[in-house]
Amino acid sequence: MSLIQIQNLKKQYENEGVVTPVLAGLNFQIERGEFVAIMGPSGSGKSTLMHILGFLDKLSSGKYIFDGRDVSSLTDDELAQMRSKSVGFVFQAFNLLPRTTVLENVMLPLVYAKYSESERKQKATAALESVGLAHRLEYFTNQLSGGEKQRVAIARALVNEPSVIFADEPTGNLDSKSGLQVMKILQDLNDKGNTIILVTHEQYTAAHAKRAIKLKDGEIVEDALITNRQIAAGATDLKK
Amino acid sequence: MLGVIIGVMSVIIVLSAGAGAQGMILNQVKSLGSDLIGVLPGASDEKGPPASAMGIVVTTLKDSDIRELIRSGSAHVVAGTGYVKGTDTIVWGDNQTDTSFTGVNASIVEVENAKVENGRFFTEEEERSMARVAVLGSTVAKELFGEEDPVGAQIKIKKSSFNVIGVMKTRGVSGFQNQDDQIFVPLNTAQKLLLGIDYISFARLKVDNPDNVDAAMEDARIFLRERHKIDRPEEDDFSVRSMAQGLEAITQITNALKLFLAAVAAIALVVGGVGIMNIMLAAVQERTREIGLRKAVGATNRNIIEQFLVETVMITFIGGVIGIISGIFISYIISLVVRSLGYDWDFIISIPSIVLGCVVSVGIGMLFGIVPARKAAKLNPIEALRYE
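For the record, the sequence lines run as chains A and B. Numbers given in the numbering used here equal positions in the first sequence, counted from 1, plus 497. Numbers given in the numbering used here equal positions in the second sequence, counted from 1, plus 12.
Calculated directly from the structure, the hints in this document are not laboratory data. No residue lacks a Cβ here, since even glycine has one placed at the ideal position from N, Cα and C. Any given hint could be a false lead.
[To be verified] Chain B regions said to be covered by chain A (calculated; three or more residues, Cβ under 8 Å):
{"id": "1", "stretch": "82-89"}
{"id": "2", "stretch": "299-305"}
{"id": "3", "stretch": "309-323"}
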């Protein structure tokens with residue numbers, strides 16, 4: 498069974514009686530272990546699609562079945578539960594808590610997943626080690642470079658071992674070298690079996706994925722495997 | 013937090029100051045004695061002031077009336093004195109001061125519970141012989157003599173020489189009168205030598221027991237009517253008043269004061285509340301993105317509201333404690349300052365003021381902490397994350 502099944506998914510916003518359609522009946526499936534790039538120009542609905550897939554937003558009509566569960570009928574609390582257990586997010590703007598240490602930021606999802614304090618520390622430390630930030634545990638997030646911030650965000654996204662990691666323009670605020678490091682980490686995670694859904698408008702970034710779903714005006718215009726895949730190498734030394 | 017501190021603190025200070033002021037006024041009245049009754053010339057009804065108190069000169073009350081009243085008028089009256097007053101520039105050598113002189117009987121010492129600091133008060137004997145002796149209030153003594161000892165000096169009142177025989181102990185301000193800014197001379201001397209009158213303007217009688225005040229007042233009325241040959245009470249040419257009546261009037265004033273202070277305290281609370289509200293609103297707005305992020309990583313609406321609840325309780329609790337401590341401290345400083353100015357001011361912190369201050373501040377803090385947090389928690393996580 499597929500991890501994600503989308504049938505005729507529609508999303509529209511209503512504002513003062515004016516209905517703006519954003520997604521116009523999408524159909525696709527994503528299997529476990531895939532690395533999918535959702536692509537499209539701004540306004541194509543790719544972010545909205547990611548928000549719906551990541552339980553941050555609700556669909557207007559159609560079906561979304563995640564791991565055999567019909568998401569469209571879930572309550573707010575059940576959606577919070579799904580966000581807590583099944584998905585992790587990496588945002589373009591990092592969205593780390595200021596005035597808080599790196600370790601505490603990564604421990605945050607575990608608080609809501611009800612892990613004990615010692616488990617939280619141990620899991621968060623392990624996640625930070627896997628993104629090469631073991632030496633930054635007690636730093637405050639505002640003392641980090643952009644690349645380091647995004648690696649903290651990745652550690653936070655993978656700390657509760659989610660079924661899918663969503664990355665929304667993860668390299669958008671980074672220089673090319675830091676961006677490459679981030680893509681390398683995502684590829685490494687995918688190699689270890691993690692499902693990754695990447696949202697981007699850059700062809701170059703999308704080329705790191707294995708499959709690309711291209712959107713335009715709320716419709717899928719192309720859904721194909723990536724032939725000449727980029728492998729982010731040469732950025733192996735994460736501690737720099 | 014500052015809002016909570018200021019709110020709690022101001023309530024405690026205002027209520028403490030109010031209690032202190034009321035205590036001070038009542039203490040002053042009580043220090044005059046609740047076992048005293050006053051006799052004034054001229055008729056009056058219970059509520060209005062007697063004519064004599066409005067500056068109309070009524071000459072019907074004589075020193076002999078009071079002396080006879082004390083001697084045979086009532087079993088309850090143990091002492092009493094008449095009063096006449098005048099003002100003059102008092103001269104000693106090159107020094108002079110404007111003050112009032114009061115002609116009284118020697119028994120004023122007993123009636124007013126007044127004490128002589130230095131020297132002695134004049135005697136019945138000196139009064140009868142129209143002796144030209146004077147006892148100075150402490151303020152007069154200081155103004156006229158400075159550091160020198162006035163006892164034995166000759167001063168001039170209305171061009172007559174008086175021998176200073178004593179200085180009174182400081183008594184402070186009572187009612188509207190500074191008790192220390194006057195000179196006591198024998199009643200007879202004041203009437204005949206200084207003022208040229210044969211009536212008194214006021215008399216005070218001391219009753220053996222505060223419980224007997226009403227009986228003594230009735231005795232005095234009957235006695236004076238008989239002596240003045242008055243048949244009907246409506247024709248009275250005198251008034252008898254008790255301090256209890258004075259106390260009632262003053263209690264009315266202090267109650268008004270209390271109401272005023274309650275209004276001030278209410279304003280302080282509102283100001284504190286608005287402060288708390290602003291801080292909480294700003295905090296929630298500032299943290300809407302944080303709320304969005306927390307929801308994105310799995311927090312439920314309940315988690316968010318609980319978090320803000322705990323934070324608000326902490327802030328208001330800490331603010332409340334600081335407010336209580338600083339409020340008590342500042343109230344104590346105020347009481348020290350007022351006492352050092354010579355007033356009889358009690359340092360009173362009432363438990364209700366602390367409870368009121370805390371309940372309202374914490375209540376407002378919670379309300380304005382929780383309501384915006386609830387609103388933010390209900391936002392779609394994406395909208396919250398994008399909040400600028």
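Proximity test - 8 Å, beta-carbon atoms, the stretch 299-305 of chain B to chain A, at least three hits: holds (count 4)
Chain A over the stretch 309-323 of chain B, status - at least 3 residues with CB closer than 8 Å: holds (count 7)
Chain A covers the stretch 82-89 of chain B, three or more CB atoms within 8 Å, holds or violated: Violated, because only 0 residues of the stretch 82-89 of chain B bring their Cβ atoms closer than 8 Å to Cβ atoms of chain A.
In terms of the numbered hints stated before, the structure departs from hint 1 and from no other.
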